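Note that the protein sequences, when read in sequence, are chains A and B. Under the working numbering, think of the first position of the first sequence as 270, with each following residue one higher. Under the working numbering, think of the first position of the second sequence as 1300, with each following residue one higher.
What the hints contain is simulated information worked out from the structure, not anything from laboratory work. This one's a predicted model, so the numbers in the text were calculated from it and none came from an experiment. Quick reminder that beta carbons are idealized off the backbone N, C-alpha and C, glycines included. Take these hints with a grain of salt, some might be off.
Said to hold, decoys possible - FRET-style restraints, in silico, Cβ to Cβ: (1) Glu1623/B with Val314/A: 20 to 26 angstroms; (2) Met270/A with Asp1308/B: 42 to 48 angstroms; (3) Leu315/A with Ala1394/B: 19 to 25 angstroms; (4) Phe416/A with Gln1347/B: 53 to 59 angstroms; (5) Ala1322/B with Val277/A: 25 to 31 angstroms; (6) Val277/A with Gly1495/B: 42 to 48 angstroms; (7) Ala1322/B with Leu336/A: 34 to 40 angstroms.
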Amino acid sequence: MDLILFYVFGAVAVLASIFVVGQRNPMYSVLLLILSFGALSALYVLLDAPFVAVTQIIIYAGAIMVLFLFVVMLLNAQKEEKEATARQMFGGPGPRRFGAVLSVLLAAQLGWALTQIRPALMGDAAPGISSVREIGRRLFTDYAFAFEATSLLILVSMVGAVVLAGRRSES
Amino acid sequence: MESIAGWVDANRTLIAHLVLIGAVFFLLQITAAVLVYMERKVAAVIQQRHGPWLVGPRGLLQPLADILKLIMKEELRPKGADVALFYLAPILSAAAAFAAFSVVPFGAETTLFGLLDEPLALGITDVNVALLVIFAVTSMGVYGIVLAGWASNSKYSLLGGLRSAAQMISYELSYGLGLAAVVIMAGSLSLREIVGQQSGYWFGFIPQWYVFIQPVGFLVYMIAGVAETNRAPFDFPEAEQELVAGYHTEYSSMSFALFFLAEYINMATVSAVAVSLFLGGWHGPFLPEWLGWIWFLVKVFALLFFYIWMRWTLPRYRYDQLMEFGWKYLLPIATVNLLVTAAITIYMGW
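Can you make the complete structure from the sequences, with help from the hints?
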């Protein structure tokens, strides 16, 4: 049962993600991304991590994607009408070679990572990982520095966005 | 026949659960119908009118007439609307509204007079992150409104949808922080456990409800809850003077009915969560434990009456006032309340 559900939700997540990129209508892209997040969250539930699953929905699907949708609606982004030529899509020969090298590197890394997966890595998660109390305690003790540093980083980017947006409206 | 009887006998708990799901689904729709009637009658009383009184005794069958009218209406779709999203939006709204209620507990455990072998908890399911599930599911409801606004391909709808998105994002923060204060005190995210901690009395007569320890949290939660459900005085998405009917301007017939249904069910959910978190859930004096659901209903409907009362008493805010209130007053109050609650909880070692 678990295995069937895993494949179903996994397939939904992968297909939705592919269509996010393949879609020409930005509105549908946003919605498909939400669908993909939903499927991921279902996978978390299967992994016995309901807290992570629910947080995934609240933060990504509930908050961040609403902002995305908001921007798409405000800009009234149109459907891409024309097929882009290869040059428009990938740039000149220089960027194309660079991109090719990068993708080969990525493929090599992925392949290497897949060979490194051992059953030990896929074993049972640490006990209590599903308990909200335990996650909170870890977050504010063992990982306090990383946690605070991340929030500072987000704050900096927020201030940066406000400064950049404010500058444009003045000129 | 014998095998069916045997199967029924062996699977009593399963059948009871399925019946419970069906009952909750059905009761939520009934609640919406009752609310429509209640809204019209309360509005009439407040405005010194009679309200509906022709259909059935005292107009009691008015909701049925309304439903019939909505079904018979022509389903219209504006030219240039995005067909798929136009029809998906109301379904999304209604589905999110129904789904949120699945983790609300509304009564103590009961065996239905010994009909069941193991006691059945009244409430569809109980997950240990129930509160977050409600939060997640209701935040999905905003997509229904935003998509309706966009897919209608109409100015009024689009502006209504945009306003709604902005409003919901703004008030969701305060909503969450209001809830979090109770979660800190209860030390649990399960609604059943939180309700369980509110049984008993102080000094023998004051019920141990969180509203008495967390009055600020309760106020913040209720205000943000009204804003989340787009009800007056925060009903900007459908401010008729500016936006005609807002995000559902272009909807008619059953698609409109689904939005209507979603709004009333969302009201019921916000009230039910408030009752569970702050007002002691199904606990109350005079009634035995297994009749606790009556208390639950009474409390939920008291809050719903408050909702309706407010709508017909208060004028709508201006849009900038709404944003200012949400970000500059409600959010800081909720944050300070949360910090103080956390500090006291740690200091007292609860």
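Non-conforming hints, listed in increasing numerical order: 1, 2, 6
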